[in-house]
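Asker: Start from chain A and add chains B and C according to the hints.
Residue numbers (our numbering), protein chains in the order written: chain A, 1 to 518; chain B, 1 to 396; chain C, 1 to 354.
Accuracy of the hints is not assured; some may be wrong.
[Stated by the list, open to error] Short derived list, chain A residues pointing at chain B, Cβ under 8 Å: (1) V180; (2) L183; (3) S331; (4) L336; (5) P344; (6) L364; (7) G365; (8) Q367; (9) G376.
Please keep in mind that the hints were generated in silico from the structure rather than gathered at the bench. For each residue, glycine too, the CB sits at the ideal point set by N, CA and C.
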Amino acid sequence: MDTAVSLTDITKRFDDVVANDEVDMRVERGAVHALLGENGAGKTTLMNVLYGLYRPTAGEVYVDGDRAEFDSPQDAIAAGVGMIHQHFMLVEPMTVRENIALGWEPVTHGGLKTDDARIDTEVRELSERYGLGLAGDLDTPVEQLSMGARQRVEVLKALYRGADVFIFDEPTAVLTPQEVEELFDIFSQLTAQDKTIIFITHKLGEALTAADGITVLRDGERVGTVDAAGTTREQLAELMVGREVLLDVDRAARGASGDDTRLSVSDLAVTDDRGEPAVHGVDISVRGGEIVGIAGVDGNGQEPLVEAVTGVRDADAGTVRFDGEAVTGLSRRERLDRGLAHVPGDRQEQALVMGFNLVQNAVLGSQHRPPFGRRGRIDWGAAREHAEAVIEEYDVRPPNPDLPARSLSGGNQQKFVVGRELSREPDVVVAAHPTRGVDIGSKEFIHERLLAMREQGAAVLVVSASLDEVVQLSDRIAVMYEGSFVDVVPGDAATEEQLGLLMAGEQPDEPVPTGAGR
Amino acid sequence: MSRALPEGLRRTLRRFAGLSAVERVLVSGAAVVVALLVGAVMLLGSGYVASCREPALFLAGTSFCFDPVAVYAAMYQGAFGTPVNQALTLQRMTLLIFTGLAFAIPYRAGLFNIGAQGQFVLAALATTVSLLALGPLVSGPVATAVLVPVGLLAGAVVGGLYGLLPGVLKTRYGTNEVISTLLLNFIATGVAVVIVKRAFNNPEIQGTVTRSIPEAATLQPWLFPPGTRFSVPVLAATLLLVGGFWWLLNRTTLGYDIRVLGRQQAAAVFGGVDDDRVTVLSMVIAGAVAGLGGGLYVMMVVGRWQVGLPALGFDGIAVSVLAGNNPVGLVPAGLLFGALQSGGLAINFQLGIPRELVDVLRGLVILLVATPELFRIVGRRLQRQGRLRPAGGESG
Amino acid sequence: MSATATARRWVFAGALVLAVLAALRLVVPAGSVPGRMLASVLDVGYASSVLRLTVPIAFAALGGIFAERAGVINIGIEGFLIVSALTTVIVARRLPWAGVTGPAALWLAFLVGVLVSVAVAAVFAVLVVRYRSNQVIAGLAVWLIALGLAPFITLTLFDSSSPTIDTFGTWSVPLLSELPVVGPVLFDASPTVYMLLVATPLAWYALRYTRLGRRIRACGENPKALATGGVSVSRVRYAGVLISGVLAGVGGAGFTVGQVGTFVAVGQTSINGRGFLGIVAYLFGNYNPFAAVGGAMLFAGFDSLQLRLQQIGALDIPAELFGILPFVVVLVTITLVRRTRVPAALGEPYEGEE
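Isolated chain A, as found in the complex (with noise of 0.2 Å):
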C-alpha cells in the first residue's frame, strides 16, 4: 500500500498558544484512520491545516506523495481532498442537486442554464458506486432530509469534487446509533474503492470499530499512533488523557444522600426548534447532596431536557418540582430565584454577554436580585466585587474583570460562568458539559467545586458527552436515548460497557439494580 498523506513536524501556532506542536501522521491509501483526542487536543486544527484552511507554523504535508502547501480549501479540494464538517456546509432551502454541485456547476445553452442532467447522471453513478442511496432524492431541500442522509449529501458533493481523501470531524456526534453503523458501511464501501479516510473523534469505540490506523493526540501532540486490531480500550483512554483510566476513581469519598429530593421531573416531554418530540416521558429525581448524571451520544435530546429542567425553554407536558414546589409554569427568572444555578452548554451564546465586560457578566441571571439589584437599581460596586472574587477563586486568566469576556480563551470563560453560577448558593445545580474545553488541571477543580456543591446538599444534575466524567461525579447515572432515559443505575455499579450498549438503546441483559428515580 501507498501513502496517501502524510503530515510530518506540523506546528500551529495562534499566537501564544500551541495548537499543534511537531505532529506526524500518516495515512495509507484506501485506509480509515481515526484521529482521537479530548476536546481542545488540537485535531480540528490538524485537518484544518490538511484542508488549506490554516496555513502550517510549520512542517510539511504530503498528500499522494507530492509536497502540498494549500492557500484555501479550493487547493485542497483541487489535489483530491475533501472535507466533511461537523456542522454540515449544506444550504438547507436547495435541493440535494443543488447543493452538491454548488460552486461546480455545469453548465449548457451558452452559460444560460445549469446542466441539469449531467450533474444528475453523475450523481446517480455516484451514488450507486458507493451505495449512498441518494439518487431518489436530488430534488428534496436538504432541510427536508435526515442529519444521515445530510452526511451522506456532503459525501456526494466531495465524490462530486473528485475527492480521494475523506476528512470526517466528528462524524457521528449528530447521528443516530442506526445511522452510525450505515456511516461506517459508507467507509467500507469507500475504501473499498481505494478512497482514504481520516475521521476525529473523541470516542474511543467507534475508533477501534470503525478505524485501521489510530493516531492519538494530546494537548497539541501526537502521543502515540497504534493500530486498531491488538489496542485496548485501556490503552487508548491512557494514551488519550495520559494516566491512568479514569473508570477506577476512589468513590469510596462519597458521603450518602440525603433524602429529600430536591429536584424532581416527572413525565416531561419537550419539543426542539424545529417542532420534533426530543424528549418524552422523562422521570427523574434528585436527592439533595447527590449528584445524577445523564449519559449518552450527543444529540438524544439532553440539551431540551436540560433547558426544559431550567426554564429556558418550555415543556409541552410534566412537572419539573424544585423542593417540592412545580416550576414548570414559573418563568426562568423565578427559577432562577428559586436556588437554580445553571451551566449552559452554550458559553457563548447563553452564558456570556461576549461584548460585556466580567464585571457586566457577573450579574447576569442575578441582575434582579439583591446584592445586585436592589429596587430595579443596579450595584456596579458589588457587581465588581463579585467578579473579582469570582476571577480570583476560579483562577480566571487574565484575572482583569474589566475585559471584555471575548477576550478570554473558552476555558477561561468556562471556569468564570461556572464560577459566577456556584457561587448563587444554589440548591439545584444543572450542569452540561461542564468541563467543556478547559485544561486538566481546571478541569478538576471544577470537578472539586460540583463534588463540595454536593457536599453541601445541593441538587446536582450533570450532562456531560464525556463518560468518564459522568462516571466519574454521579452518584446515579441516566443514560438518554432517543429522548428518553434508558435506565438508571448506580454510579458505582455501572461499568463503561453496560453504559455503552444503554446509550446505543440496547436494554443491558442482566438488569443493573434500578435506581429510585426510574
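Answerer: Positioned in the frame of chain A, the structure of chains B and C alone reads:
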C-alpha cells in the same frame, strides 16, 4: 494622501485604532468632517454646472456659483449667529433628541424602530385634539398648569400605543418590526389626515389643518426673543430626560435587560430576561418618547396639526446613529443636526442654495458612521506606516 | 412548502381585498348604486393603468429580491429609484443640446439613468461587502442621501420640479393588440410594461436555473457552504447588489421616461415611497419574483382604483383612507399568514474572506 496628515493627528488616530468607545466618538467626528468635505465638493460641482449672474468663487480660471467656505460660514451664522437662529437650532435639537431616543432605546434592545415618524405624527394630532377639547373648559392661571401636562400626556400615550402595536405584533406574531413600523408610518399619516379632514378641519384655512391650540397651552420662549419657537425649560427638561435614559440603561435592571437582549438574545433568555416584555416595553417607551416630541412640536412650534409635518422621525434615526445610540451622545448629535437644519434654512434664504444640501450631509454622516471599518482601515494603514518609520516613537 | 405559504397569503389577501370592497358599500353615499359605479371603473383602462403603476414598484421588488437573496439587506432601493428617475430627466433634457433628439434621446436617457443607479449600487455594495457597513443603516443613508441630493440638483438646475420630457408612449403589437380585453391591456402598452412582463419570469428563471442564481441563493442562506465550494462570497454579493441596481434603475428611469415625464423634487419626490412598496411587495411575496410582482400589482390596483373613484366622484371617503388600505392589507396578511422565509444569512457581513 495620508502622508500629508500632521504627525499629531496621525499619532492620535494610531493610538485609537483599537479602542472601541473612543473610537466611536472619533469615527463620528471623522464622519462629520468627511461629509462636510464631500458637501463642499458637491457645492463646487453644482456651482460649476448651474448658471448664475454673480459667481461667488473663481478657481483656476473657472467660475463657480457657490463658494463652499462662504456657504458653510453662512450655515454657521444661520445656526448660531443671532438669538433667533440659536432658538431655531435649539428647538430642532430638542425635538431631534426625542425622536433620536425613540430609535436609540429599541436599538439597544436589538430592535429597529423605523416608526418614530408615525408615532410622532399621530401623537401630535392627539396633543392637538386633547388641547382643543380641553381648552375651552379651563381658563386663567390654572389653564397652563392643566393644559401643558395633559397635552404632553396625550401625545405620550398615543405615541406609546402606536409603539405598542409593532411590539405586540413582533412578540405575538413574529412580524419583523422594520416592516411593520415602516407600514405603520404610511398608515399613521393617512389616518391622521382622514381624522383631521373628517372631524377637526379648520374651515377658515385652505388645506388640512386644525384650529390652533389655546394660547395657555403654548410653551413660551424664555431668555429668547418673543416670537421664537423655543422654550428653555423644555430643553432643560429634555436634558434631564436624556440623563434619565442614560441612568435607565446603565444603572437599572431594566436597562441591563435591554442591553443584554440587544446584544445576545440567547444570553438574555439565559439571564432570566423576559424578552417579550422587554421588547414590548422598549417599543412602548420609544413610541411615548416620539409622542412627547410630537406633542412638543405642536405646543412649542406650530400650535396646531397640519399636513406635511417635518420628517423629524426619520431624522431621529440619523441623530441616534451618529450618537452611537447612546442617550448622552444624542445631545451633541442633536445639536449638530439641529444646526444643520437651521443653517440649511439660512443658506436657502440668503444664498438661494437649496436647503436639501443638509439632507445630503445628514445621509453622508450616517453612511460613514455605519461604516467604521473604513476609518479603522485608514487608522491601521497609518499605524503600519508609523511602524515603518524608525522615528515613529511608540511601539505596539 | 414555501410555495403553499405564498399561495395561502394570496388567498388571504384576496379575501381581505374583497371584504374591503364589499365594505365600501357602507361608505358610498346613500342613493348611489355602488356596484354599478365600481363596475364602471373596473374596465380595460383600469387594468392598463394598474399595469403601468405596477412597473416601478415591481422593478424595485425584483431588485430587492436579488440583493437580499444574496444576503444583503437593501433598504436603500428607494434611493436607487430616485437617482435613476432624476438622471433620466436631466439627460433627456440636455441631450437635444447635443443634437440627439427623439426616441434615441429617450432611450439614451433611460440607459444613463440605469447606469447611475448601478453606480450607486456599486458604492453601496463596496461599503456593505468590503467595509461591512451596518446594512440597514447604510441603506437608510442611501435613501436619505438620494432624498437630499435629487431635490438639491433639481432645484439647482430647474425648479421645484423638472420640465416635462417626452415619454415612450405605447407600443402595440400587431394582431395581438386586436384581441378583446387582453389586447389593449397587454399588447398596447408602454415598453416598460413589456420589460416587466419579460423581467419577471426571467428573474424567476435566473434564480432557479442559472449558475449565478443558485450561487446568489446559497450566498444568502449559507455563505460558508458557498465559500467551501470555491466561490467568492464577496463577488456573488457584489453581483446581487449590482443586479439590484440594474432592476431598480429600470424601475426609476422607466417611471420617468415611460410614464410621468417629469421629476418632482418636493417632499418624498415623485418616487414617493415606491421603492419601499417594492420591499413590502417582495416580503409579502416571500422572495418569489412572481408573487412579489403580484404584491406590487396589489398596491397599484388600490392606487389606481382610488384615482378613478375620485375622478368620477364616487368616493366620499378621503383618498388618504383609501390610500392606506394596501398597507393595512399587507400588514394584516404578513402578520396573520406568517412564515416569511427570510434568507438565513441576511444582513450578516461575511467574515471568512479578507
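Asker: A separate judgement is required for each hint: does it hold in the structure or not?
Answerer: Comparing the hints with the structure gives:
no. : hint : verdict
1   : V180 : violated, 29 Å
2   : L183 : violated, 30 Å
3   : S331 : holds, 6 Å
4   : L336 : holds, 5 Å
5   : P344 : holds, 6 Å
6   : L364 : holds, 4 Å
7   : G365 : holds, 5 Å
8   : Q367 : holds, 5 Å
9   : G376 : holds, 5 Å
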